[in-house]
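Use the sequences and the hints to build the structure in full.
Chains as they are written, first to last, in the working numbering: chain A, 1 to 155; chain B, 1 to 373; chain C, 1 to 362.
For the record, the hints were derived by calculation from the structure and aren't laboratory data. Hints are not guaranteed to be accurate.
[As the list claims (entries may be wrong)] Stretch-level coverage of chain C by chain B, calculated; a stretch enters the list once three of its residues show a Cβ under 8 Å from a Cβ in chain B:
(1) 62-68
(2) 314-325
[Stated by the list, open to error] To give an idea of the interface, some chain C residues facing chain B are shown, with a C-beta separation under 7 Å as derived from the structure:
(3) 157
(4) 159
(5) 328
(6) 329
No residue lacks a Cβ here, since even glycine has one placed at the ideal position from N, Cα and C.
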Amino acid sequence: MERIELQNKINSFGVEVTFAESEVPTQFLTAEVSSENVHALISELKNNSDTSFDYMFCQTGIDFPEHIEVLYHLRNTQNNSEIVIKAKIEDRENPSIDSVFDLYKTADFHEREIFDLFGVKFNNHPDLRRILLDDDWEGYPLRKDYVDEVNIVEL
Amino acid sequence: MRVKELHKATESQEYFVNMGPQHPSTHGVLRLLLTLDGETVTKVEPHLGYIHRSIEKMCEKDSYQQIVHLTDRMDYLSCHMNNEAVCLAVEKGLELEVSERVKVIRTIISELTRLSSHQLWWGVMGMDLGAITSFLYGFRDREMITDIFEETCGARLTMNYNIPGGLMFDIPTNFQAKVKEFITHFRKKLPEYDQLMTNNIIFRNRTEGVGILTKKDAISYGVTGPSGRASGWSNDVRKSNPYSAYDRVDFKEIIYTEGDSFARYQARIQEMWESMNIIDQLIDNIPEGNYQEKTRAVIKLPKTEIYQTVETARGELGVYINSDGKKNPYRVKFRSPGFSNLNALNTMAKGGKIADLVTIMSTIDLVIPDIDR
Amino acid sequence: MKFDIYDFSVLTASIHKSLSEMMSETAVMITEMVIVGIIFLTLFAVLGLALVYAERKVCAFFQQRLGPMRVGFWGTAQTVADAIKLLLKEPLMTKSADKFLFNLAPFIIIIASFMAIAAVPFALGLQTLDLNIGVFYVTAVSSIGVAGILIAGWASNNKYSLIGAMRSGAQIVSYELSVGLSLLTIVILTGSLQFSEIIESQREGWWIFRGHIPAFIAFVIYLIAGTAETNRGPFDLAEAESELTAGFHTEYSGMKFAFFFLAEFVNMFIISAIGATMFLGGWMPLHFGELTAFNEIMDFIPPIFWFLGKTAFLIFIMMWFKWTFPRLRIDQLLTLEWKYLLPINLINILIMAFVVLMGWYF
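Following this line, the structure appears as structure tokens:
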């Protein structure tokens, strides 16, 4: 499916979404959405038979100075079209967002990793615990303001 | 330990056993908390993080050339492909076109790495199942490849041969001869593998019907690589998003539909044959050209997001680089294949015996540093 | 036909006579028991050393490498070095293990092996216990080892050990049936349970040739069941390294572990020895009925070498199994026994009984 077509299709879903404009075309079609609407958008993208993005190949978190973003990279296994959904979470103190575990089971480990390293809580996740660090670790290391005098050497 | 689960366990005669972190068959430091009912596994819970080295955080302070050196400590059996992923991503960001020579050599060495990774996998699978001899046969055949690598890049395990812009050195003069010698030798040896294990009735009984993963579950869990292709999902990155020289070679994508351990085993053995075919097609016609394109000493990517996937021996490795124009990336994320493959372990192992769990873990081919990064 | 094989009972009788001239009746008995005990202890030690070395060399041969080569000439002193290492290790015991049973378990296994090896005929007259229920005695006594394994698994207070011991207990108890029944097949041919008589009856030729098809089937079943009895080869899931670390002997170290290790090798020797006795003629050289000249040539090789050669051959086959095949799962193992080997065995016994009745054997 062409990007313009896909863009129009997504606009017709009824979920509030913006498409980033840039001079240089990005690698994938990028849709930005707020953290409240992201579950509705993704479930529509998965279940709608025209788009049917049934494979989430990456789920990442990025820490910006004013907000935290959770990225979802989706792919359609039939025609190989890909799309990136960026969900902005404005609240950096207690970030929380809906989990997509009911749509993609791979979110189980990916969301635990984002919770572990960024501190984003996922609602309706079956078992949200730290995955890579110890259960009693304090702090969220991949945030830019994470300070650890013992283990991180500032050059 | 969750209190509710503990109560339920004590009522129904279930008990907990820890496999690992030090265990001969978890292929690294992985702790599995098994809930058992007699000999039957009712739940498998992996506990990760024993070898978490915060590679992603380190990448935020490193230059782009330095990131390459961190990647071959992730999945150390497909290290050339890991390096290639980062180099391709950086070259995509710089819009740098490497010469044909570099592309062909990268493909040949990737396929040799895939062969050596599968050989080790085969040896270790036999050892996990009890046929300890296969471990030595696998390593014996692998020695020829590591000798080739040692002559080419100076290292047997962490190769660091790729840099953004090309290769670090040119290939030695006897590279083609040695690779051809190895391929001739291994074509005679691979049927021996079939004789020793594939057609053995004990082996068949241990692997057929064990650990079935349906295609729907494979897509939902994101199980890529030969494990996903054995469930009927055609997910080979070399076919869908070809990179380096894969668009000009002719090879089959190995798909089986049963989704059990034997299908995963077969998929890897057939992949070894296909790798040898790819190398045969490329080894005689390595084009002339530069082995390295000039880049600046300090690489700065423009403000973009790049995602590059390659097909490692375990599945789809994705490198996501978010750069803001400085000399260090803002965020690097490695989508490792093992992370998603391990997620599916509970679905596959539920209801089987402990011995089946060992078989399933061998066939998924886990490398724990790849999962923990 | 001439039969000039040296009869060891001459030697034992002369020793007995010279001893009874020196001391009283009971003292002679006690002295003889002590002598036999010392001989067997030495035999155990020597067997252990030789078999462990043989295993490592055979294993290396299958894996296309050389095995131990540095300690001693061609590595022959390797096992001595291993034994010294095991003696010097600290005998650990977990705090919550059952002290008495934990220490008792290795001894039970060694006692069972001792009792079984006492009945093995090494040469003419060189047999400690020549009971008239020889075969029955050996099968009964080798079952005592199971108790040792179960006690070891229980007393370790470790889930892995318990799982391993349970598996092993089920396995040994099941395969004893097959071992006993396949030995019974030969007893039908000989008509006697006494070992010396069984070997005498093979003077014309070994039972595996004379008993043709039913004897050969019994031999194959005996090999399979015998390997399973000793927890070896494709049936070693009780101590499956890659699954349960070390199964029922995880918690043992030092000399106690050495006992388990030794007992496994001596059991392998016993199974091979019994198999060689029943099917391959024991110490009887290879004779073919009528060919007297051939038989006399065969008689030149002393019987003890015949016996050791046959046993070594069977041990080699058992080692070959272990290093080639993958392991069976516990349910597949029990299926093999109860659904395949046992029915085949029973039918085989019927066939053998019929064959003997009709006289259709050589």
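Violated hints, by number in ascending order, as checked against the structure: Checked against the structure, the only hint that fails is number 3, while the rest are satisfied.
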